[in-house]
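With the hints as your guide, set chain B onto chain A.
Number of protein chains: 2
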Amino acid sequence: MSRSTPRSPHDAAGDGGFESRAVDRGILRRRAFNLRWAEQPDDVIPLTAADPDLPCPPAVRQAIVEYTAAGNFAYGPAAGLPAFREAVADHLQSRRQTPASPAGIQATDSAASALFLVARALLEPGDEVVIFDPVDFLFAASTEAAGGVVRRVPFTRAGGLDLDRLRAAINPRTRIIALCNPHNPFGRIMSPAALAAVAELAERHDLWVLSDEIWADIVYEDPCPSVAALQRAISRRTIIVGGFSKTYGLAGLRIGYIRTDDPALGERIFACSHAEKTAFGAATLSQIAAAAALRHGQPWYRAFIAHLRGVRDHLCDRLDALPGLRCPRPQATYLAFPRIEIPGLSAEQLTERLLRHARVAVVPGAARWFGPGAEGHIRLAFATDRATVDAALARVEAHWDRCITADPAATA
Amino acid sequence: MSRSTPRSPHDAAGDGGFESRAVDRGILRRRAFNLRWAEQPDDVIPLTAADPDLPCPPAVRQAIVEYTAAGNFAYGPAAGLPAFREAVADHLQSRRQTPASPAGIQATDSAASALFLVARALLEPGDEVVIFDPVDFLFAASTEAAGGVVRRVPFTRAGGLDLDRLRAAINPRTRIIALCNPHNPFGRIMSPAALAAVAELAERHDLWVLSDEIWADIVYEDPCPSVAALQRAISRRTIIVGGFSKTYGLAGLRIGYIRTDDPALGERIFACSHAEKTAFGAATLSQIAAAAALRHGQPWYRAFIAHLRGVRDHLCDRLDALPGLRCPRPQATYLAFPRIEIPGLSAEQLTERLLRHARVAVVPGAARWFGPGAEGHIRLAFATDRATVDAALARVEAHWDRCITADPAATA
Chain A
0 MSRSTPRSPH
10 DAAGDGGFES
20 RAVDRGILRR
30 RAFNLRWAEQ
40 PDDVIPLTAA
50 DPDLPCPPAV
60 RQAIVEYTAA
70 GNFAYGPAAG
80 LPAFREAVAD
90 HLQSRRQTPA
100 SPAGIQATDS
110 AASALFLVAR
120 ALLEPGDEVV
130 IFDPVDFLFA
140 ASTEAAGGVV
150 RRVPFTRAGG
160 LDLDRLRAAI
170 NPRTRIIALC
180 NPHNPFGRIM
190 SPAALAAVAE
200 LAERHDLWVL
210 SDEIWADIVY
220 EDPCPSVAAL
230 QRAISRRTII
240 VGGFSKTYGL
250 AGLRIGYIRT
260 DDPALGERIF
270 ACSHAEKTAF
280 GAATLSQIAA
290 AAALRHGQPW
300 YRAFIAHLRG
310 VRDHLCDRLD
320 ALPGLRCPRP
330 QATYLAFPRI
340 EIPGLSAEQL
350 TERLLRHARV
360 AVVPGAARWF
370 GPGAEGHIRL
380 AFATDRATVD
390 AALARVEAHW
400 DRCITADPAA
410 TA
Chain B
0 MSRSTPRSPH
10 DAAGDGGFES
20 RAVDRGILRR
30 RAFNLRWAEQ
40 PDDVIPLTAA
50 DPDLPCPPAV
60 RQAIVEYTAA
70 GNFAYGPAAG
80 LPAFREAVAD
90 HLQSRRQTPA
100 SPAGIQATDS
110 AASALFLVAR
120 ALLEPGDEVV
130 IFDPVDFLFA
140 ASTEAAGGVV
150 RRVPFTRAGG
160 LDLDRLRAAI
170 NPRTRIIALC
180 NPHNPFGRIM
190 SPAALAAVAE
200 LAERHDLWVL
210 SDEIWADIVY
220 EDPCPSVAAL
230 QRAISRRTII
240 VGGFSKTYGL
250 AGLRIGYIRT
260 DDPALGERIF
270 ACSHAEKTAF
280 GAATLSQIAA
290 AAALRHGQPW
300 YRAFIAHLRG
310 VRDHLCDRLD
320 ALPGLRCPRP
330 QATYLAFPRI
340 EIPGLSAEQL
350 TERLLRHARV
360 AVVPGAARWF
370 GPGAEGHIRL
380 AFATDRATVD
390 AALARVEAHW
400 DRCITADPAA
410 TA
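Chains A and B supply the protein sequences, listed in that same order.
Using numbering that gives the first Met the number 0, the first residue of the first sequence is number 0, and each one after it goes up by one.
Using numbering that gives the first Met the number 0, the first residue of the second sequence is number 0, and each one after it goes up by one.
Next up, chain A with everything else stripped away, as it sits in the complex (with noise of 0.2 Å):
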C-alpha cells in the first residue's frame, strides 16, 4: 500500500499505523502492569503477559470520548447495556458463525472473572473440571477457587487435544470439559474433528463445555472455529468466554463476556453473579468501549492482524534459527512458544538468564504457570511495533551463548 492510500487518518503512512508510529515507551512505562513496562527495570524488553503495547482502535477512543461527554454515568443495566449485548451477539452470529443472542449474552468485568464466575456458578466442591495441560494458569485456578478439582489432558503443538486421554480423564465427578480455543500458550487451533470428538464425549456424559475464545480473534490464516458452532445440541452446553483485551488492547478497562444459549443455564451463571445487586459486572464506559471496538474497529483490526502476521513470521523465524532453540508459527495469538532442545537448561533458568544477560522478560513454561506440560518451553508475546521485537532479539542474539552455558558462578 502506497503512502497516496492511506486507510485512515491515523495511517498517513500506509501501514495501519503499527510500523510507522513507535510504541510510545514513555505510556506504557506508567500505563503497562502486570508483569510489563511499569513494572520491570527501565532497561528491560517486556515479553511477558499478553497484553498489546500497541494503542486500541481510534474508534474506541472516540465513542469513550463522545459518551462522556454528557457526564452521565448511571447504573447500566445488570446484564451488560442493549448496545454491548447485541454488539457481542452479532459479532459471534456474523464473523464467527456461532448461535448467539444479545439475551445470551452477561457482560463481566473481563474474561478471566468470567471463568471464575463460571466456576462458581457450576460447581460443587469435588466436582472436577477437565483442562488441558498446558494452558493459561487461568483455567485451574478457577477450579480450584470454587472447590473444583483439575484433571489435565495433554495437549500437543504437533497433535492438539489428546482425545484417548480425555475419555480417560472424565468420570462420574466430572461436570466441565474446559477448552482454551485458540490455544495459549501453543497458539494452534482445535480442528474440527477435535472439536466434535469432545462434543460428543459432552453429550455422552452430560457435561459442560467452557470455551475459552479470547484468542478467537487473532488468527492468521484459518478462522478458529467455535465448538458451539458444530450443532444446536452442543451450543446449549457450551459456555463460551471472550474479551477484549487481546485483539483490542482494553484489558485495562475490565470488559469480557459469558455467551450462553440456554436461558435456564445463562440465568444460573447470571444469579450467581450477584450482578442483579450491582456487586458485579462491567463498567458501562467499558461496554461502549468494546462495542465500538466491534462495530467500528475492524478496519483497524485487520490492519492489526496484518501487522502481527509480519512480527510473528519475523520473531519465530530468527528464534528458531537460534541453537536448541525450535519455535514453529503459531496458528493463532500474538505468543511465541519456543521449545528448549538444550538438556539440563530449565525454563526457569533460561527465563533468568534472558532477564539477567540479554534485559529481556520473558513468561517460563513453568507448572505454575500453564501445568507441568509446559516445561522446556519460554513464551514471548509479541504485540509491539518491529523495532522493539527487533530490540529484543538483536539483545537474545547478542547473549544467546551465555543464556544457554551453565554459568558456574551462578545459583540460577
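Honestly, the hints are just simulated from the structure, not real lab data.
Note that beta-carbon positions come from the ideal geometry of N, C-alpha and C, so glycine has one too.
Some clues are possibly wrong.
Said to hold, decoys possible - These stretches of chain B come out as covered by chain A in the derived footprint (C-beta under 8 Å, 3 or more residues):
| id | region |
| --- | --- |
| 1 | 126 to 134 |
| 2 | 277 to 284 |
| 3 | 385 to 396 |
Claimed, not checked - Counterexamples of contact, computed for chain A against chain B with all Cβ distances above 10 Å:
| id | residue |
| --- | --- |
| 4 | Asp23 |
| 5 | Glu38 |
| 6 | Pro76 |
| 7 | Ala102 |
| 8 | Asp108 |
| 9 | Ala192 |
| 10 | Leu200 |
| 11 | Glu220 |
| 12 | Leu264 |
| 13 | Lys276 |
| 14 | His313 |
| 15 | Arg328 |
| 16 | Gln330 |
| 17 | Gly343 |
| 18 | Glu374 |
| 19 | Thr404 |
Claimed, not checked - Residues on chain B that point at chain A, a partial pick, calculated with CB under 7 Å:
| id | residue |
| --- | --- |
| 20 | Ile63 |
| 21 | Thr67 |
| 22 | Asn71 |
| 23 | Asp108 |
| 24 | Leu264 |
| 25 | Gly265 |
Showing chain B alone in chain A's frame:
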C-alpha cells in the same frame, strides 16, 4: 451569587449548574437503569435507586478524555493505580481525619462488590455478622452469599443503634459488626459515643468492624466521623468500604475501594479477590475518573451539597405536611425515609398506589430491601433537580387522598 461571578464555565447562572440546567431526561431514559428512568414507563418519575440524575463533575469528564487520548488501556496494577490509591488515602486522611495509606487501599469494582469480597474473605460458613435493622439489603446479601448468618440489631431514627441489643447479639460465632454510617435509609450519622461503644465491643470480643461509609460525604451540617478515626486499635480492626456512585454519580463506572489499616488483613482480602490473577479489580479509566473527582471535583462537590440541602429541606417539609406521613430531614444521604402513620396502610401498598395514581416510583420499606425494621416507611432518593422534585411532589400531593384511602376495587 450573581450572574457576574460564575463559579465555573458550567455555572453561568451562579448556582453550581444544579438548578439552571435541568436534568437531561433524554440521557436518563437511555442510561439510568437499576429501577430508574431507563426501566420505567415514560410517564413515571423515579425516586428509587440512590443514584444522581445530575451529571458528574466536569473535572471527571476532563480526566477521562485526557487519559483516553493516548489510547493505551493496558493492564493496571492488581490493587489499583497508585494515583487512585493515593487520592483515596489523602481524602480519608485530610477530609475525614481517618488513618489511611495508599498501601491500605484496594480498588474494587464498586462498593457492593467490596462488601461481597470482605464477607468472602473473613467468614466461614455459619459465622455471624451483626447488621442494623433496617439497613441496605447488601449487608445481608453479601453475608449470606459467603455462607454467613446475619443477626439484626435495631437502629432507629431517634436513637440510632440499640447498644444493649448489640451486646446481646454477640456470641462466639460473631466475626463482624457491620456499620452503615451514615445510615441508609434513615440518613442518621452515628454519634461518637455509639462508635466508641462499638469499638469497645469489637476489642473485647475480637471482632472485625466493617464500616460502609459510602454516604459519608453527603452530609449537611456535621461531618460523619469514621469508627476507624477513634484510635489506632480500632482502626486496625476496621475495614472501610467506600465508593463514588453516591457523591460523584459514577455508579456506571463501577468503582469503589476497601481501606484497611492492618497489612495482614489487607493481604487476606486482596488474596481472596483474585485481583492478582486479573480476575477482579476496577477499570483503570474508572480509577482515573474517581481520582479526578477527589482531587479536582471539590468545587462541584460543594455546590452539589448546597443544592441537595435545599432539595432536602423542600422535599422533606412538603412530605411531612401530608396527612399521615412523618418526614424529618436526614442528617446525611439524599434519602427521605418518611414513616407512614395511617393504620393498615403498608409500605408496599403505598408504594403501589403512588406508582398507580401519582406515577411516582419509590422504594417500599420492605424486609426484602432493608429488613423487617423498615416496614411502615417509604424511601425517596432526591439527587435530582428542583423541577423534578416539584413535579413529583405536585403529583403525590394531588393524588395523596387516593393513595391513603383503601380502594375497594383494588387487589393491592
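Hint check results:
{"no.": "1", "hint": "126 to 134", "in the structure": "violated (count 0)"}
{"no.": "2", "hint": "277 to 284", "in the structure": "holds (count 8)"}
{"no.": "3", "hint": "385 to 396", "in the structure": "violated (count 0)"}
{"no.": "4", "hint": "Asp23", "in the structure": "violated, 7 Å"}
{"no.": "5", "hint": "Glu38", "in the structure": "violated, 8 Å"}
{"no.": "6", "hint": "Pro76", "in the structure": "violated, 4 Å"}
{"no.": "7", "hint": "Ala102", "in the structure": "holds, 16 Å"}
{"no.": "8", "hint": "Asp108", "in the structure": "violated, 5 Å"}
{"no.": "9", "hint": "Ala192", "in the structure": "holds, 33 Å"}
{"no.": "10", "hint": "Leu200", "in the structure": "holds, 28 Å"}
{"no.": "11", "hint": "Glu220", "in the structure": "holds, 28 Å"}
{"no.": "12", "hint": "Leu264", "in the structure": "holds, 20 Å"}
{"no.": "13", "hint": "Lys276", "in the structure": "violated, 5 Å"}
{"no.": "14", "hint": "His313", "in the structure": "holds, 23 Å"}
{"no.": "15", "hint": "Arg328", "in the structure": "holds, 25 Å"}
{"no.": "16", "hint": "Gln330", "in the structure": "holds, 25 Å"}
{"no.": "17", "hint": "Gly343", "in the structure": "holds, 32 Å"}
{"no.": "18", "hint": "Glu374", "in the structure": "holds, 21 Å"}
{"no.": "19", "hint": "Thr404", "in the structure": "holds, 34 Å"}
{"no.": "20", "hint": "Ile63", "in the structure": "holds, 5 Å"}
{"no.": "21", "hint": "Thr67", "in the structure": "holds, 5 Å"}
{"no.": "22", "hint": "Asn71", "in the structure": "holds, 5 Å"}
{"no.": "23", "hint": "Asp108", "in the structure": "holds, 5 Å"}
{"no.": "24", "hint": "Leu264", "in the structure": "violated, 20 Å"}
{"no.": "25", "hint": "Gly265", "in the structure": "violated, 18 Å"}
Going down the numbered hints, you'll see the structure goes against 1, 3, 4, 5, 6, 8, 13, 24, 25, while the others check out.
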